[in-house]
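Knowing the structure of chain A, use the given hints to seat chain B on it.
Here the protein sequences line up with chains A and B, keeping their order.
According to this note's numbering, the first sequence is numbered sequentially starting from 298.
According to this note's numbering, the second sequence is numbered sequentially starting from 298.
If you're looking for bench data, these hints aren't it; they were derived computationally from the structure.
Hints may be right or wrong, so weigh each one.
In this list, chains with the same sequence are indistinguishable; a pair is considered to hold if it fits within one copy or across any two.
[What the hints assert, rightly or not] Below are the EDC-like pairs computed for lysine to aspartate or glutamate, each with C-alpha atoms no more than 16 Å apart in a straight line: (1) 381 to 331; (2) 400 to 520; (3) 299 to 339; (4) 307 to 328; (5) 299 to 338; (6) 584 to 596.
2 protein chains.
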Amino acid sequence: MKFIYSGSHKLHFPQAEFHRGQMVTPFENPERIDLIIDHLEEVGFTGIKCDDFWDVEPVLKIHSADYLEFLETAWEEWLAAGFKGDLMAGNFPVRRMQQRCPKHIDGKAGFYSSGNDTSINSGTWEAVKTSYMTAKQAQKVVANGDAASLALCRPPGHHASRDLFGGYCFLNNAAVVAQLFIDQGAEKVAILDIDFHHGNGTQDIFYGRGDVLFASLHGQPEDSYPYYSGYTDEAGKMEGEGSNFNYPMPPGTTYSSWAQSLEEAIRQIQKFNSAALIVSLGVDTYKEDPISFFCLETDDYLRCGIQLSKLNLPTVFVLEGGYALEMVGQNVANVLIGFESG
Amino acid sequence: MKFIYSGSHKLHFPQAEFHRGQMVTPFENPERIDLIIDHLEEVGFTGIKCDDFWDVEPVLKIHSADYLEFLETAWEEWLAAGFKGDLMAGNFPVRRMQQRCPKHIDGKAGFYSSGNDTSINSGTWEAVKTSYMTAKQAQKVVANGDAASLALCRPPGHHASRDLFGGYCFLNNAAVVAQLFIDQGAEKVAILDIDFHHGNGTQDIFYGRGDVLFASLHGQPEDSYPYYSGYTDEAGKMEGEGSNFNYPMPPGTTYSSWAQSLEEAIRQIQKFNSAALIVSLGVDTYKEDPISFFCLETDDYLRCGIQLSKLNLPTVFVLEGGYALEMVGQNVANVLIGFESG
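This is chain A alone, in the form it adopts within the complex (with noise of 0.2 Å):
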């Protein structure tokens, strides 16, 4: 199996992430990448430098125009300003204020935004087109014949809404990669999210939509990140009705139990007739990640790997989350030679 990667997501650095009350070194941070790029080649997984281009057509499917300027512009906006530091957004537009957004990069921060753990600095934008393309390039592998492809994208993805960053998540890949699938003709598609957390931005991209069918295995969000989605009762509205899956478990989920729900999305994923595979992979499942509450261990991800060849399906693999550093690599490869070796 191929995988895509970049250098450019070292553009993307933010210097402190807030978290629980106070500000922290980011979790999600550029040496991820490196550590999983230099497993995958020890364990023998060809690396490919990504050269795709910017391309705004795919993108303008899944998210709104307004915020994608936003996202261009964010960070000349809060220089300009006269702002220190990175962007980060200090107020929401939460229930029944307006949903109108304001003139001050300020109050836009906050429009845009689903929280402060996420900030913007001066390489962000090129880090998240770059994040993109990476994606987009492992979409290609696939289509053009290959069984499977993993797109190393930082910053991640599945948190990002229509117009929403938050969760370290600015464009969503993952959303991206199934709609290029449904443009180049398939009917129907799947995304399977078996990061920790739960893909509340690839829930709510797709909400309303019968052509791509969304899983997700996470904490439950009565006590977990993104605290408020994630529930089972969330199953998709209108044309979109009956495609989303949600599966939350709680704190100290070992594998079989975990491995049960994983069965059942990818019943659902069998009953849905999907052309292609989306997985939008995180590791932060592992016992020892450090924002995470499952119990996962390093050979359970062979396993899932395993469990996910089965539904035999051409397959892009986005990275998403994932923050034990000393075992981030070993775990993402273990998903790829699970899938290979099933």
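Then chain B, alone, in the frame of chain A:
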């Protein structure tokens, strides 16, 4: 005019405030009250130490029971979760997200908050209760026959809505005072908010009610906090339609144009046949205020007080913002001096 104060506000002592991408020393700090007390006494106003009691009944007419329970238990839950530092919210249930309260304090904090400028520490709930009691006692002074009184509330209140804290506010003291007048037999009362920032919490609380007029003079929402409310077309709904008045003004506004909005608000209050007036008194309209953009001079507050006295209504002043420490005492005092001379 008597003013009511308490020393217990000092129990609320946020260590840092998230402001435009950085953690800074809070603008809303305990020193503000000491400076105002000193100056009020210096110019001859009589301070009365709050000896009122906690009574949840009036508060429950303004805030939801679950929100009050959150405020009461938040700090304990934060500590129990093993978190360090002040409680601050990080993620928020913005558009299209679930409006279900999570179980975990980190998610709860975001559910009940509109931003992370506002933190909770060990003594916040005691201070918040005292701030309310201070307002309650000031209302009593006027109900018992005084023409006017001032409640030196801290934390302030006008950004707190039925179930949201934010903008340094937790309980909406002005709203409770209005409710007390109504409960004591007033048919209609008016709240005039002259703080620099839109009184979004107060507006929200009375938006559907016809017995409380709300009028606010403030920095236009396109450019200033709270960003997501304060437009002129927010006119109330249902029974409240036509009794909500917003006067947003641009950066650089001086007293002459500010006073025109005040004149207009006063006309609306006169037409409303209000039995009492509650003034949400912020002096962050002052030209040197560090987080605002109006250009009022210290003498303008005398004129403002004179204008307010023309309404000739029993009046409770409730302190909101004002962060230019060197002049906060004099600016507050001038409003009262003008009011009494008018």
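Now for the hints, and whether the structure bears them out:
1. In this assembly of identical chains, the alpha carbons of residue 381 and residue 331 never lie at most 16 Å apart, being 29 Å within a copy and 31 Å across copies at closest.
2. In this homomeric assembly, residue 400 and residue 520 come within 16 Å of each other (Cα to Cα) only across copies, at 6 Å, whereas the closest approach inside a single copy is 35 Å.
3. Within a single copy, residue 299 and residue 339 get their C-alpha atoms as close as 13 Å, which meets the 16 Å cut-off; across copies the closest is 77 Å, which misses it.
4. In this assembly of identical chains, the alpha carbons of residue 307 and residue 328 lie at most 16 Å apart only when taken from the same copy (9 Å versus 44 Å across copies).
5. Within a single copy, residue 299 and residue 338 get their C-alpha atoms as close as 10 Å, which meets the 16 Å cut-off; across copies the closest is 76 Å, which misses it.
6. Taking the shortest alpha-carbon separations for residue 584 and residue 596, only the intra-copy value of 12 Å comes in at or below 16 Å, while the best inter-copy value is 64 Å.
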